[in-house]
Amino acid sequence: MNALLRFVKMVTFWELIQGLVITNKYLFKPKVTELYPDKRPVLPYRTKGRLHVEIETCISCRMCERACPEGCIKVFPPPKEVFKTDKRPQEFIISQEHCLHCGMCVDACPTGSIHHSMEYELVVYNFNELLFDKERLPFDLDQTRYRWNWLENVPVK
Amino acid sequence: MSWEFITTHPLMIMLGWPLIKIVILLVPVMTIVAYIVWFERRLLGFFQSRLGPNRVGPLGLLQPVADGLKLLLKEDLVPSNARPFLFRIAPIFAFFPALTGFAIVTWALPWIKPSGKAHGFVVADVDLGILLVLALSSLAIFGIILGGWASGSKYPLFGSLRSASQMLAYEVPLTFSILAVILMAGSFKLSDIVSAQQNMTLLGWKGFYFLVPGLVAFGVYLVAAVAETNRTPFDLPEGESEIIGFHAEYSGMRFAWYFVAEYTNVVLISVLGTCLFLGGYDIPFVNDAALYLTHPWLVSILGVASFAAKGALFAFFFVWIRATWPRYRYDQLLKIGWLVLLPISLANLLLVALVKLAFLR
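Line order of the protein sequences matches chains Z and Y. Going by this note's numbering, the first sequence wraps up at 157, each residue one higher than the last. Going by this note's numbering, the second sequence wraps up at 361, each residue one higher than the last.
You may find that some hints are simply not true.
[As the list claims (entries may be wrong)] As a list, the in silico SDA-like pairs of lysine to any residue whose alpha-carbon atoms are at most 25 Å apart:
1. Z/9 with Y/331
2. Z/29 with Y/315
3. Y/335 with Y/351
4. Z/25 with Y/314
5. Y/21 with Y/108
6. Z/31 with Y/313
7. Z/31 with Y/50
8. Y/335 with Z/20
9. Z/29 with Y/108
10. Y/74 with Y/41
11. Z/29 with Y/331
12. Z/39 with Y/47
13. Z/31 with Y/315
14. Z/31 with Y/45
[As the list claims (entries may be wrong)] Far from chain Z, by Cβ distances over 10 Å, these chain Y residues were calculated:
15. 75
16. 187
17. 208
18. 325
19. 358
Hints were generated in silico from the structure; no laboratory data involved. As the structure is a computational prediction, the values presented were derived from the model and not from experiment. Backbone N, C-alpha and C fix where the C-beta goes; we use that ideal spot for every residue, glycine too.
Take these sequences, add in the hints, and give me the full structure.
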C-alpha cells in the first residue's frame, strides 16, 4: 500500500504540485511592501530620529559633547560673565551626517533638553544641510508628548 | 500605384503583402514581449509577498520603456579576449529564430471573402510549419553557444556547454510530444492542426481539443518547453542567481537582445502550445462555424481574445513555476530527458495512435 502510494506520488509529481499550491497561497496573501512615499508609516514611540535640542533649558555643561562617540555635537558656552546669570549656549551644532542615533547624549543630559525626534527623512543634496545649528534644532512639544505616551502604555506586571 | 497593381502584381504578392503582414504582426508581438517582462516581474513579486515594479507610470506599466532606455544608454563593451565579429553577431542569432517562429502561427479564424476565398490570419502558412519552428529553435541554441564561446572567458563558455547538453536533453522529447499532435491532426500545418481540433469528436463529444487525448504529450511538451526557453527550473545556460551564464560578458543593447530573445521564446512557446493543445483561436463551448455565419466580426474578436487568454494561462504557468521550483543540475536534466520523457512520449505516441484509430472522428 505504501509502495503504491509512493508510486502514485511519483507519477503525479506530488511534491512539485505541493510547492505550486504553497506559492499560489502567497499570491493572494496581503503584501508586506511598504509604499513609503505614498503611505507614511506610523512610527513607534521610541523611534530614534533626528536630535532635537531645547536651547532654553540647556545649561552648556557639554556632557552630551563628551558622551557622543562620533564627536558630532559641538556646544559653545557663553562668556564667563554671562554664564553666571544665563547658562544658555551661544551656539549648539549637531552634525547629523555623522550621528549614529545611539542616544548616548540623551542619557548624559542632566536637564533632558536633548532628545530624539520622530524626523527620519534626512536625505539632502548638500552635506551642509545636515549641519544643524541653534536655529535649526527646535524643540517640538507635541512630538515630545507623543513620545512620552509610551510610559502610559507600558504593561504593568 | 493602383489597387490592381497592389493586389495582382507578382512582386507585391511575393514581397509586398508578406512585408505588410510582418509589420502588422511584429508591432503587437514585440509589445507583448515587452509587457510579458512587466507581467513576470509583477507576478513574481506577488508570489514573494512583494508588489513588484509599480513606480514608473500607472501600475508600473511604463517599466519596459524605462528598462529599454536604460539598456540603450549603456556602454557596449567587447572584451579584449573576445572574437569581435562573432561576439557582436551572436545575440542576433539567438533573437531572430524566436521571432521567425511567429510567422506560421494562425491568429484568428480565416476571413471568408464574398467570393468564397478564405484568407488566413497568418504571415506564411508553411506546409511543414511545426518542423520549421523546431529547426529554428535549434538555431537559437546556436546563438547562445556562439555567444558563450566568442566571449573569450571561461564562465560564459561553461554556460554555453551547459546549454549544449540541455539541447541534447529536451529536443527529442519535444519533437515526440508534438508528433503526437501531428498524428492526431494528420498534418504538419498549424492552421490544419487548429481546424482539426475544432472539428474533432471524441466519443461523440466536441470541443475537447488535443489536450484530453494528448494529456501526456501536453505534460512532456510543458517540461520540454520550459527547457527550450531556458527558464527556471531548467535555466542552466543562464543561471542568473548562482552559476554564471553565457551572457556574463555582454552589456547594454547586446545583452538586451538575449533578454528579449528569452521572452520572445516564452511568448512563442505559449502561442504554439495554445495552437497545438488548447485549440488556438477556437472559442470554448461555442460552435464557431455556426456563429460565424451570423456574426463574423464577433467570432473574429472573441477568437483572438480566447487565443490571448489561453496564451496568458501558459505565461502565468511559466512565472508560477519560476516562483516555485529550484533549478535542476544538467546531468539531472539529461536523465529526465532521456530516461523519463523520451520513453513516456514514445509510449504515448503508441497510445495516441490507438486512440485515434478507436475514438477520434
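Given the hint that residue 335 of chain Y pairs with residue 351 of chain Y, does the C-alpha gap stay at or below 25 Å? Since the Cα atoms of residue 335 of chain Y and residue 351 of chain Y sit roughly 23 Å apart, the hinted pair holds (cutoff 25 Å).
Would you assess whether residue 358 of chain Y, listed as outside the interface, keeps its beta-carbon beyond 10 Å of every beta-carbon in chain Z? Answer for residue 358 of chain Y: holds, closest chain Z Cβ roughly 24 Å.
Residue 29 of chain Z paired with residue 315 of chain Y [C-alpha distance capped at 25 Å]: Distance of about 21 Å is within 25 Å: holds.
Determine whether the non-interface label on residue 208 of chain Y survives the test: each CB of chain Z must be over 10 Å from its CB. Holds, since 21 Å exceeds 10 Å.
Closest CB-CB distance from residue 325 of chain Y to chain Z, is it above 10 Å? At about 6 Å from chain Z, residue 325 of chain Y fails to clear the 10 Å cut-off, so the statement is violated.
Is the hinted pair residue 9 of chain Z and residue 331 of chain Y satisfied, with a Cα-Cα distance of at most 25 Å? holds, 23 Å
Within a Cα-Cα threshold of 25 Å, do residue 29 of chain Z and residue 331 of chain Y meet the stated pairing? This hinted pair is violated, its Cα atoms lying about 36 Å apart.
With the threshold set at 25 Å, check whether the alpha-carbon distance from residue 39 of chain Z to residue 47 of chain Y stays at or below it. Holds, because 22 Å separates the two Cα atoms, which is no more than 25 Å.
Are the Cα atoms of residue 31 of chain Z and residue 313 of chain Y separated by 25 Å or less? holds, 23 Å
Proposed proximity, residue 108 of chain Y with residue 29 of chain Z (alpha carbon, max 25 Å): violated, 37 Å
Taking C-beta pairs only, is residue 187 of chain Y more than 10 Å away from all of chain Z? holds, 32 Å
Residue 31 of chain Z and residue 45 of chain Y were given as a pair; does the straight-line alpha-carbon distance stay at or below 25 Å? holds, 9 Å
Checked against the numbered hints given earlier, the structure breaks hints 9, 11, 18 and satisfies all the rest.
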